Each structure stands twice: as C-alpha cells, then as structure tokens.
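Order-wise, the sequence lines are chains A and B. Under the numbering used here, the first residue of the first sequence carries the number 1, and numbering increases by one thereafter. Under the numbering used here, the first residue of the second sequence carries the number 410, and numbering increases by one thereafter.
Careful: at least some of the hints might be erroneous.
Claimed, not checked - Cβ-Cβ distance ranges computed for the label pairs, FRET-style:
hint, chain 1, residue 1, chain 2, residue 2, range
1, A, A235, B, H787, 34 to 42 Å
2, B, D682, A, G163, 44 to 52 Å
3, A, Q264, B, G683, 22 to 30 Å
I should point out that these hints are in silico values taken from the structure, not numbers from a laboratory. As the structure is a computational prediction, the values presented were derived from the model and not from experiment. In this text, a Cβ means the ideal position worked out from N, Cα and C, and glycines have one as well.
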Amino acid sequence: MTLNLRMAWRNLWRHKRRTWLTATAMIFSNVLLIFMISLQFGSYEMMINNTLQAFSGHIQVQREGYNDNPKLRNSIPGIVALADRLRRSVPDVAVTARGSAFALASSEQRSLGIQILGVQPEFEPAVSTFPGLVTQGSYLQEPDAAEIVIGAVLARNLKVSIGDELTLLGSGRDGSFAAGVVTIRGIFDSGSADIDRSLAEVPLDYFQETFGMQDHGHSIAVAAHGLENVAVAQAGVESVLEGMEGLTILDWDQLHPGLKQAIQADLSSAWFMYGVLIILVAFSVLNTQLMSVLERTREFGVISALGIKPRKLASLVMLETTLMALLGLLIGLILGWMLALYFNSAGFSYPGMEEMAGKFNLPDRMYPSVTFFSMLLGPSVVFLFSLLASVYPATRLFRLQPVEAMRAV
Amino acid sequence: MSKASTLPVAAMTRLAWRNLWRNLRRTLIMLLAIAVGVWAMIFMTALMRGMVDEMIKDGINSLPGYVQIHNPEFRDDPSIENSLEEPGEEFQGALLGPEVTGWTSRVRVPAMISSERDNRGVTLLGVDPDGEIALGFDRHSIVQGRFLTGPDDKGLVIGRKLLERLETDLGKRVVVMSQDPENNVADRGFRVVGVYKAKLASLEEAFIYAGRSTVQSLLKMDGKVSEIAIAGKDYREVGPLLQTVVDAAPNGVEVLPWMELDSYLGMMMGVMDGFVLVWVIVIFLALSFGLVNTLMMAVFERVREIGLMQALGMRPAAILYQVLMESLLLLLLGLLAGNLLAIASILPLREGIDISVVAQGMEMMGAGSMLYPALTLHDLIMANSVVIVLGLLTSLLPAWRASQYKPVEAIAKI
Numbered sequence: 001m002t003l004n005l006r007m008a009w010r011n012l013w014r015h016k017r018r019t020w021l022t023a024t025a026m027i028f029s030n031v032l033l034i035f036m037i038s039l040q041f042g043s044y045e046m047m048i049n050n051t052l053q054a055f056s057g058h059i060q061v062q063r064e065g066y067n068d069n070p071k072l073r074n075s076i077p078g079i080v081a082l083a084d085r086l087r088r089s090v091p092d093v094a095v096t097a098r099g100s101a102f103a104l105a106s107s108e109q110r111s112l113g114i115q116i117l118g119v120q121p122e123f124e125p126a127v128s129t130f131p132g133l134v135t136q137g138s139y140l141q142e143p144d145a146a147e148i149v150i151g152a153v154l155a156r157n158l159k160v161s162i163g164d165e166l167t168l169l170g171s172g173r174d175g176s177f178a179a180g181v182v183t184i185r186g187i188f189d190s191g192s193a194d195i196d197r198s199l200a201e202v203p204l205d206y207f208q209e210t211f212g213m214q215d216h217g218h219s220i221a222v223a224a225h226g227l228e229n230v231a232v233a234q235a236g237v238e239s240v241l242e243g244m245e246g247l248t249i250l251d252w253d254q255l256h257p258g259l260k261q262a263i264q265a266d267l268s269s270a271w272f273m274y275g276v277l278i279i280l281v282a283f284s285v286l287n288t289q290l291m292s293v294l295e296r297t298r299e300f301g302v303i304s305a306l307g308i309k310p311r312k313l314a315s316l317v318m319l320e321t322t323l324m325a326l327l328g329l330l331i332g333l334i335l336g337w338m339l340a341l342y343f344n345s346a347g348f349s350y351p352g353m354e355e356m357a358g359k360f361n362l363p364d365r366m367y368p369s370v371t372f373f374s375m376l377l378g379p380s381v382v383f384l385f386s387l388l389a390s391v392y393p394a395t396r397l398f399r400l401q402p403v404e405a406m407r408a409v
Numbered sequence: 410m411s412k413a414s415t416l417p418v419a420a421m422t423r424l425a426w427r428n429l430w431r432n433l434r435r436t437l438i439m440l441l442a443i444a445v446g447v448w449a450m451i452f453m454t455a456l457m458r459g460m461v462d463e464m465i466k467d468g469i470n471s472l473p474g475y476v477q478i479h480n481p482e483f484r485d486d487p488s489i490e491n492s493l494e495e496p497g498e499e500f501q502g503a504l505l506g507p508e509v510t511g512w513t514s515r516v517r518v519p520a521m522i523s524s525e526r527d528n529r530g531v532t533l534l535g536v537d538p539d540g541e542i543a544l545g546f547d548r549h550s551i552v553q554g555r556f557l558t559g560p561d562d563k564g565l566v567i568g569r570k571l572l573e574r575l576e577t578d579l580g581k582r583v584v585v586m587s588q589d590p591e592n593n594v595a596d597r598g599f600r601v602v603g604v605y606k607a608k609l610a611s612l613e614e615a616f617i618y619a620g621r622s623t624v625q626s627l628l629k630m631d632g633k634v635s636e637i638a639i640a641g642k643d644y645r646e647v648g649p650l651l652q653t654v655v656d657a658a659p660n661g662v663e664v665l666p667w668m669e670l671d672s673y674l675g676m677m678m679g680v681m682d683g684f685v686l687v688w689v690i691v692i693f694l695a696l697s698f699g700l701v702n703t704l705m706m707a708v709f710e711r712v713r714e715i716g717l718m719q720a721l722g723m724r725p726a727a728i729l730y731q732v733l734m735e736s737l738l739l740l741l742l743g744l745l746a747g748n749l750l751a752i753a754s755i756l757p758l759r760e761g762i763d764i765s766v767v768a769q770g771m772e773m774m775g776a777g778s779m780l781y782p783a784l785t786l787h788d789l790i791m792a793n794s795v796v797i798v799l800g801l802l803t804s805l806l807p808a809w810r811a812s813q814y815k816p817v818e819a820i821a822k823i
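Isolated chain B, as found in the complex (with noise of 0.2 Å):
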C-alpha cells in the first residue's frame, strides 16, 4: 500500500469517471435510485423535522418558556400554597444577562368559571401582559376585543371555545371561583374583554388570562406568584441557560428546563432523532444492494481489461482506488441529484402543507394542522454523510474482489 501514494490519482480518477459512462443505461438508473432516495431521505426527514419542531415551539409557547421556577411541590399539586416569592431585585438582575431573551413571572391556579349558562373548570393565569408576549403569545391570536394592558388590568381574557361553551360573549361578565391559602373560596366577577385562539383547541378551553395583580388581591397572594417562566435564545441547547438560572434562583426552589417539564415534548426530540437515523439508514440499505450490484457487474464485465491492466504492472491497490473512485463518482452525483431534487421540492412547501383534514388526528399527537417543512443542515450533512460513507464501506466488496483477480485467469476469461 505503500506505493498508493505514488499513484497518477489524476489519471486514475479520470479512468474511473470513463468506466462509469461505459454503460449509460445502467448508471443511469443506479444514479436515478440514488437520487429517489437521497429526494426521500431529505424530504421525508424535513416533513417530520417541520411537524415536531412546530410541535415542540407550540408546546413551549404554551409552557411558556425554556425554563420554569416553581415551588417543588407545585407540578404534583399546583394548589395557590405551593407559590414562591416574586424575583428579588438580586434575580431580577441576573435574568437581564445575555441566555435569557424574556421572563416572566405568573400566578397559575385551578378555577372554576360561569356564566349567567354554564361552568367549567379551567386554569386562571395571573399574567403580566408584556411578559407573556416576550415569551411567545402572539397578539395576532386576540380574535375579539384585547389582550390585557397591564398587570393591573381588571379585564378576563379567554379562549374562543370556551366562550362558545360557556355561551357568553365580548363585554360580558363571568364569575371566576378559586380559593385563596386559607382555603376560603374566593370569587369575583370579571368582564371577558378579550378572547384569544389557539392552534389546539384544547388549550383555548384550558387557559383564562386575568391580570397578575388582580388576581393576587383577590387570591391574597401579595407579592407570590406560581410560576416564572425564563425564555432563551436556542430550545434545543438550553444548559447555558438553565445554569444561568439555577445560580441566580433562591434556595428551596425547583428550576427545571421544558424537557423536564413536559417530558412527551422532551422526549418527542429525542425520538425525532432516532427517527431520522433510522430512516435514512433504510433507505440507504435498500440502495445498497443496487449499489454493490451495479459496482459488481462493472468489475465482472471488465476482468479481462483489470487482468490485463494487472499483467503490464498496475498494483491491486490502484484497482480498488479505480472502483471505489467509480462508485464515490456515482454516489456524489447522485447526492448532488437527490439533494437539489429535494431543495426544489421543499421550498415551494414553505409556506406550509394544508393537512387540516386531519387536524383532530394531530392535535392529539400535539401538532397543529399546518405542517411546515424544516430542511436542517445537520440532517442534509447528516443524510449525505452516511450516503457517502456507507457507500464507500459496501463498495469495499466488489473493489476488493476486483483487485485480488489473478492476472493470468482474469486474461484466459472470457
């Protein structure tokens, strides 16, 4: 192998470009296949990529945040007695550093609401207007009237289905039924002057949005909240931002990044993943088979020439250089094919796949009924490395075949 490094590789490289268009036909239709499955792999991943990373934003948004404070009691019994303190100055200062994008601090408590028609159990949230917006409630989802104004506002804010099932409408006035820590119910009428909408419909029934200082007074919360919610720069790499927080936060409280937080959601990114390992493996096991066969009919219809070659003195490892160049050749046009394929298939999905037939299906998998196609770098770099590796792996075979032909025989063949 020594003398590998001596070889004319320009030459040989050229040599092996020719062999492949011997039979065009044949090449052809292997690169054809290549393509179809590179175009699968890219589009098929960027697809389940598009739907779990809307997913995954969605459920954040309606976490809200990459990393929530809580009383350690509070995810197992969120009752208003399991609250903490509102940040101290201290904190407030650490959350101005440069991981975090936007907090806030909020009062979560289970509720009873009516109208003058009916009742529901529902979550109230005691909100500051402009730190829910910093973490990803979108004004453009206030279909009627407005969202809050401030921490003070004396306004209610909920959800279209609700306001449907609870048949009341904008302007009304709704009864709103918790309890306060000495476990007395407290209660108070509230004015629905917004209402908002919700890619699950499922969350409009869930959330009612009242001021955060209106709730404490009514709740005798002063100065506690349930929850603080920290939002950062990237979800899928949050431990900077995690340690930020758990240095700055007090002693005795919970800090636990979204992961933790809704673990179906964690877990989802892991099994996307996995997923599209996978996949791309399959299709790539499918393709080899074609791959070796192809590579191997081009060695065996050329034992003559390889002998021949071999007889005036080429060495075997310039003959495995010859196939795998002829098949890494192969591959990178039909990666190069199977890429732009792909390329220009997504992007006129951009604006995203209608599959609201099946909108139901999805909210109960968590996913809304636009799906956005997400073609990543890492998997267009990951797709096509395990292509070009693997490949180069199975084409290991024939070329080393090609190169252990004894000249003399190799010749004799016919």
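Excised from the complex, chain A in its bound form (with noise of 0.2 Å):
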C-alpha cells in the first residue's frame, strides 16, 4: 500500500502544472461552495429567528380554524388561566397570551384602520422584541390601564405624540359597538414601515373590556430557546392541552408558511447552481485523469506485461486522484474556512442588501454560519464526484492489451 502510494504521489507530480491547475479547479469551488452554503445558513437561521422573535414566538395555541379565519368570535375562553398553566407546567419557555382585533384609531386630525392586539405587560417582553423597540415613552405596564403604544409610522400619520388620546372604533366580539379611548404611552420603531404603520398594543384587560371578550382571547404565543429547542416545548404544549376540545397548536412552519417555502425555494435554485459548478469540475478531472491515463499507455503496457493486475493499474489511478482531491479538498478547506471565519466576525454585505434584507427580517449585515455541516458540505460533494470522474479513465485500463499498448506512441 505505502509502494502505491508513494507511486501515486510521484505520478501526480510528473505534470506539476497540470495537477495544481486541476486541484485550483477544485480549491476555488470550495472555497465558494463554504462561503456561499455557510452565507445561507447563516442567512435562513437568521431570518427565521428574527421572524419568530418579532412576534408570533415558535409555537402558538390557537382556536381550530383561527389561524386561516381570524375572526374574534374564534376564541379561546379562559386564556389567562390556560396561559399561566403553560407557564407553570412546561420547562424554558416563554408564555404569553393575547387577542386581536381590527378598529378605526382617530386620532384629533386622523383615522386610520389598525390592528389592535391586546397583550400581556408582564409577559409579552419575553416572547417579542416589539416591547424593546420602544423608542418613546415606554411599554405597557398596567395589566388593565387604557394605553396604548403604538408604531411610528402610525403615530407620524395619526399626528399624535406621547400622552395623547385615540379613540379606538370597532365591533366587539358579539357584533356589538366596541369604542374606547386611549392614551398613548409608547412608540415603538421596528424598522419595517409595514408593521409601525399598522399596529398597536393595549393591555389584553382592556382588550377584552372593549372588545366585549369577558376572558377569551385569540393566541398563546410560545418562545422557546433556539429552534432546536421548539419540539420539546412543543411536546411539553401538547400534553398540557391534551383532552381540551376545539383548540390547536400551530409550530413556527404553520404559522409562517412563506418562511420554510421561501428558504426551500433559495435553496432549490441554489443546489443548481452548485450542482453545475461541481460538474464543471469533474469534468476537468475527468480530462485531466483520461490524459494522464492515455499518455502513459505504454507504461502501464509495460507494467501489465510484467504480470500486474489491471485492477492494480486502476487503483493506482484511483489512489492519484483520490490524492489530488484530497489536496484541493485540504487547501479548500482552509481557505474556505478562514474566509467564511472572516465574514462572520466582519459581516458580509452588497450594495442593494439592505432592502432586500428587510423584507425578510434581515439586519443588513449577513454572517456566515461557521459549523461542521456548512464547511463540510460542499467540499464532500466535490471530492466524490472527483472520484466519480476518474472512474472512466480507469477502467479503461482494464481493456488495455499489453502488447499493442507497449507500441503505443
């Protein structure tokens, strides 16, 4: 074995030039392949977290049918109880219950359709970052005070400041007239103009004083620790709503179906663009290997007519690409490595990013996500379809005939 290796390894070097352009092809499709496929994981982690995180949370209770039909009357009752019994009975998560309606808010000067989602003060901060992207004035505090805090946008249209009045105009749950006033105690800025434009929150009291809910409400939003996390919570979820009738539990992929649809739709174009870029390569191998198999046509004559198996010779080839991909897969790696290293202390970023990033809950930034699978992917792939290529190469030696190959120019 070390004879054949030694052997491999001083072939490769006969053509020094041609073995480095080859392993090049193959450095410089690793190198994109690391950085592209760790940008992408990078980016869809993200942007799923920055999703859930905003406000629906990983998990949601909801009424059956609410999700596609969010009518007031699909409610839950006893959605304070049910929620502080999740809080209690399922381990690392972060509860909170809410409703949500639709009412005219006017203000001295403006009316303007909203969504109003009635919250829980002490418990919302932790399911949504819409609570720390208060930039004026502060959050709810009062479980059943009439405030209100409100988007920027919202409160640039509405011509309204800190301290001022809303009248809020509805139907409440039973079709009856649902009116209130407010005051606004916060403005919150979350960057994306379509949600500072349409939203406000009130406490979930007040919410159901209004809205004629007594104590339903609509959701129970579920945080959990990371995503990895979201199954177990889930379970934990299930068992606690096990035997309740007409209720349903919604995970992150239900309740944002564009999200999982949109990654598989980026990666569907992108395994293109990778699958060409890996069977360029392999092409080179292929050309690269068949030459130096057809050039030493009269070697391996020689060679075979001593006695040595075909199956030998084709492993002899084998084992000199199995090396050569080995160099391009190492090198690769290591630049790859250091480059996606890079970018993700530095951020990486391209002229027109940053709204394209917005519409979908990016910073406008994107780090690569430095892990085993998105180094390692690409390269793998690479160096077996290297291996594939030269299979043809090789088993032509097995249709070699000794004599005609030694005459062989």
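Dock chain one against chain two, each of which comes alone in its own frame, and use the hints as you go.
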C-alpha cells in the first residue's frame, strides 16, 4: 500500500502544472461552496429567528380555524388561566396570551384602520421584540390601563405623540359596537414600515373589556430557547392541552408558511448552481485523468506485461485522483474556512442588500454560519464527484492489451 | 509582430482546426464542459431574469404606472389632506405625448371596510376604470360580477380574499369609512359589484376600488386626487418619460419614477444585473481551469513539432496565433452547443413553470407562483462575450509559452 501511495504521489507530480490547475479548480469551487453555503445557512437561521422573535413565537395555541380565519369569535375562553397553566407546566419557555381585533383609530386630526393587539404587559417582552423597540415613552405596564403603544409611522400619520389620546372604534365579539379612548404610552420603531404603520398594542384586560371578549383571547404565543428546543416545548404544550376540545397547536412552519418555502425556493436555485459548478470541476478531473492515463499507455503496457493485474493499475489511477482531490479538499477547506470566519466576524454585505434584507426580517449585514456541516458539505461532494469522474479513465485500463499498448506512441 | 499581418491566416486556421481534432476524446470532453457551462449560464439567467421581470411588471402594475405624481407630503403621510389638483388642460395635453401610453388619476386613502360580520383596514382607491385598465389592471382578474363602469359608478370592487375575510358576498352591502379633509368621519354604504383576484393574496386584502367621482363626493374633495400615474413603453428606460412629466407637471408636486416609489423593486433590477454577471463569471472561472489545462496539454504534446516549425522559420507570433485560434475554435463550438442547448431547454418552458408549491415563499419575495423564463438578447450577448473574451485572455498563457520555446531544445525533447 505504501508503495502504491508513493507511486501515485510521484505520478501526480510528473505534470506539476496540470495537477495544480486541476487542484485549483477544486480549491476554487470548494472555497466558493463553503462561503455560499455557510452564508446561506447563516441567513436562513437569522431569517427564521428574527421573524419568530419579532412577534409570533415558536408555537401558538389557537382555536381551530383561527389561523385561516382570524375572527373575533374564534376565540379561546379563559385564555389567561390557560397561559398561566402552560407557564407553570412547560419548562424553559416564555408564554404570553393575546387578543387581536381591527379597529378605526382616530386622533384629533386623523382616522386610520389598524390592528389592535391585546397583550399581557408582564409576559409579552419575553416572547416578542416589539416591547424592546419602544423608542419614545415606555412599554405598557398596568394589565388593565387604557393605554396604547403604537408604531412610529402610525404615530406620524395620526399626528400624535406620547400622552395624546386615541379613540378606538370597532365591533365587539358579539357584533356590538366597541369603542374606547386610550392614552398613548409609547411609540415603537421596528424598522419595518408595514408593521410600524399598522400595529398597536393595548393591555389584554382592557382589550377584553373593550371588545366584549369576557375572559377570551385569540392566541397564546410560546417562545422556546432556540429552534432546537421547539420539539420539546411543543410536546410539553401538547400534554397540557390534552383533552381540551377545539384548540390547536401551530408550529412556526404553520404560522409562517412563506418562510420555509422562501428558503426552499432559494435552496433549489442554489443547488442548481452548485450542481453545475461541481459538474464542471468533475469534467476538469475527467479530462486530466484521461490524459494522464492515455499518455502512459506504453508504461501501463509494460507494467501489465510484467504481470501486474489491471485492477491494480486502475486502483493506482483512483489513488492518484484521491490524492489530488484530497489536496483540493484540504487547501479549499482551509481557505474557505478562513474566508467564512472572517465574514463571520466582519459580516457580509452587497449593494442593495439593505432593502432586500428588510423584506425578510434580516439585518443589513449577513454572517455566515461556521459549522461542521456548512464547512464540509460542499467540499465533500466535490471530492466524491472527482472520484466518480476518474472511474471512466480507470476502467479503460481493464481493456488494455499489453502488446498493443507497448507499441503505442 | 509586424510580420503577423503577412501570415497565411487561412492555412494557420486550418492547422488549428486539425490540431483541435487530434485528440478527439479530450476535445469532446472540453466541448461538453463548455457547452454545459454556457447552458447553465444562460438557463439560470433566463429563469432569474424571468422571475425578476415578472416581479417588476407585477409591482409596476400594482403601483401602478412607471411615473407617479403626488403631493410631496403624500408618500410619508398618505392622507386626504395631502392631495393635488386634477391635471389641468395644458397638463393633459402634455400627457398625450409619444412617450405616454396611458395615464390616470386616482384618489387613494386609508379606510375601514365593514360587513355585518367583520371589518378590516384597507386602502380605498377612487378610480377611473378605463385609466386603471390602461395602466395594467387586467379585466380578466375580475372573478365575480363586473369591474366599475365609469368614475361615477356607485359600486365597489373588492379582492377575493377580503370578501372571504368579511364573510360577505357579491351584491351585498358593506360600509366604507374614511375621513374628509375636515377630519369628519365620512362613511357610505356600497354594494359589492365585483370581486377581483390578484397574483399576491396580500393585494387582494389591501385594495378596494370605487368610482373616482363617487369617492370625491363622499370625501368632499371635488377636483382633487391623491396621485396621478403615468405608464410608458419600456420600464427599463423611464428617463424620457420622467422628463416629459416633470416638464409638464405644475410646481410644488413630487414626480417620481417607479424605482424610487418602490425602492425594493428598483433595487431588485440592479441586484439582478449584478447577479447575472457574477454567475456568468463564476461559471467561466470554473471552466477556465479545464480550458487552460487542455491547451497546455495540447501544446506540451507538440513541443517537438513546434520546435521544428520554428526551426523551419515560423515566427513566435504565428505559433501564438495558432494556439489562440485553436482555443477560439474550441470556445466557438462550445458556445454554439451551449446556446443551442439553452434555447432548446428554455423554449418548452415558455408557457411558464408552475412553482406554486412554494407560492407563499415566493410571495415573501414579491413574486408570483408561475415562473416564465426570459431569454433576452442582452443576456445572451453578455454570456457569450464573457466566455470569448475571458477565454482568449486565459488562453494567452499557454499560447505565449508555446511561442517562447527555444527551437533546438524543443526538438530535442522527447
């Protein structure tokens, strides 16, 4: 084996420039793949986390059908008590109960239709990032005060500031007329104009009173510590809800169906591109190894005339490819890893990314995720395809006729 | 190099062509690699271009128009106060110019819509139906009932999704509430006369259409509108259209092209152009290693031959030319195959690719659920010229090396 290895290694360097060129093709695609894949995974992770942490949480408990048809009357009775139970029984999660309704909010000068959320001021900040984004005034504190926190664009459009009053007009759960006057306690700036234009939060007790909800609410949002703990949290929530009629548990994929699909769409176009890149490298390897076999026809003829089996020769060629591919793998891995590490700390950005990132709840710089998987996935496929590409040149050796081969030029 | 012009070009080219086929297998593999690379360049570009084009077209249709005129305050504060006068006669005359394919003026205010069952915040559009259609509203998107018949139509057209949300139906009455410039609540009952569908479900929930005059009298804003939208011929070249409108528009209004009205859309076009170039170059780089390798091998095998030719008086420039010619022929054949392959694979997809499995994901990006590949001449030329120009540049290295052999040493080489 060591002899074979030595022979393969020496054969590789008979054409130094050719070997390096082929290895460089591998290094080039390995570095590119590592960088792109780690950047992709990094941005997916960030996109999911930012989206879920903004408001929805990882899991929600709702009345069956509410998600498709968010009506006031599709509500959960005794929602605060149920949220308390979940908080007590499921370890390591943050839980908050919410109600949601549409209302016409009027200031002295303006009226706009907005979404009003009833939230538990005590628990909301652990699930949603909006309370932390209050830039003027403060977040809600009293559980039943007639106070409201609104988005910055909404405040501007309504021409109101902290301490001003808003009149809310809408309809209650039983179809009755719902009206209330609230004082603006805080203004948040989430950076997303759509949210800042259309969202407002009031304390849940006040919400229930105003919209005739009694003790009902619409959703209980549960946030776990990171995506990896969602399954455990979900099992915990399920066991608490067992035996309760008409409730349903939605995971983040059901809450944001677009999110996973956007990732899938992005992945499938990325796989196509990576596939093409890898195939081109494979062609390069195929060409190099075929040349290297053809130019040694005489040599191989002599060796096989000496009684060496074709299998042995073929494995020598495969070994040469393996060594070359390992060279490409190692150098590519080191360079790619360094590149990913650099951008992992410095962040990566390109012109126009800010607008695009905002659309997907991403910050304006992306940070590649440097994991074992994101580093090795691309290079290992390149390695595999390089080996596959040299199968054809290697199998040619089985058809070698020693006598003819020795006569070849 | 002055002698280069006197080289027997035809003979050299023939020599290059024959040399190319001396190692059939190697040349074929390289050709295949170039063809696959070029195919991938063009195919992928056409898909991406198609997606972005569609997105931009849809986006422009829902703006609508290539250029819009507003009160300068309107975009930040889309309220009824920030309206403008309907275009006067002189301005209307200017809008008949050759750059303009259609224009309309519309009222656009935030409003609440309520059925017996539910209510929603929406954007109420007071429109002239003919103008909307001229700017891209598709009559076929009306799935129930009819579109408005004129600016004084008393009916209301709402989106399919909103109809569902409000649990109302065609022919039923809904109440639309907004405010007039004095901040009094203005409300009015409307009969739903039509239901439209949109590519993006979020649009179906956002916009309701009523007759412009009807809305103007409801909101006590006679003769005033929120925006004037103007469409032209080519959304990529809005410069002349913008200039015409700016020149004709009255003072104190804001005239903006679509890429500034929706910066996400505008930026998509730029990012797309950047992406295409990066993709083409990356693929080329992946190819270039193989290309250089193949040429190097070809030259290396012929060291003796080249030495002999030089000894017989062939100039280095001729050798250089010969190797470059061989590379050019290889590239041209590969490009031909790659282009044909790309066209052959894109043509059957003209009717669109159904990607509705990821429709909600595409909606996040602002794209619809059908993908129509767009093969543009510009992208074709770009991909082909990148391959030829960069291909010849990378071939310079082996070609130059070949031309620098010392005849005596080369001949002696085994």
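Consistency of the hints with the structure:
For A235 (chain A) and H787 (chain B), the Cβ-Cβ distance of about 55 Å falls outside the hinted range of 34 to 42 Å, so the restraint is violated. For the pair D682 (chain B) and G163 (chain A), the beta carbons lie near 49 Å from each other, so the given range of 44 to 52 Å is met. At roughly 24 Å, the beta carbons of Q264 (chain A) and G683 (chain B) sit within the given window of 22 to 30 Å.
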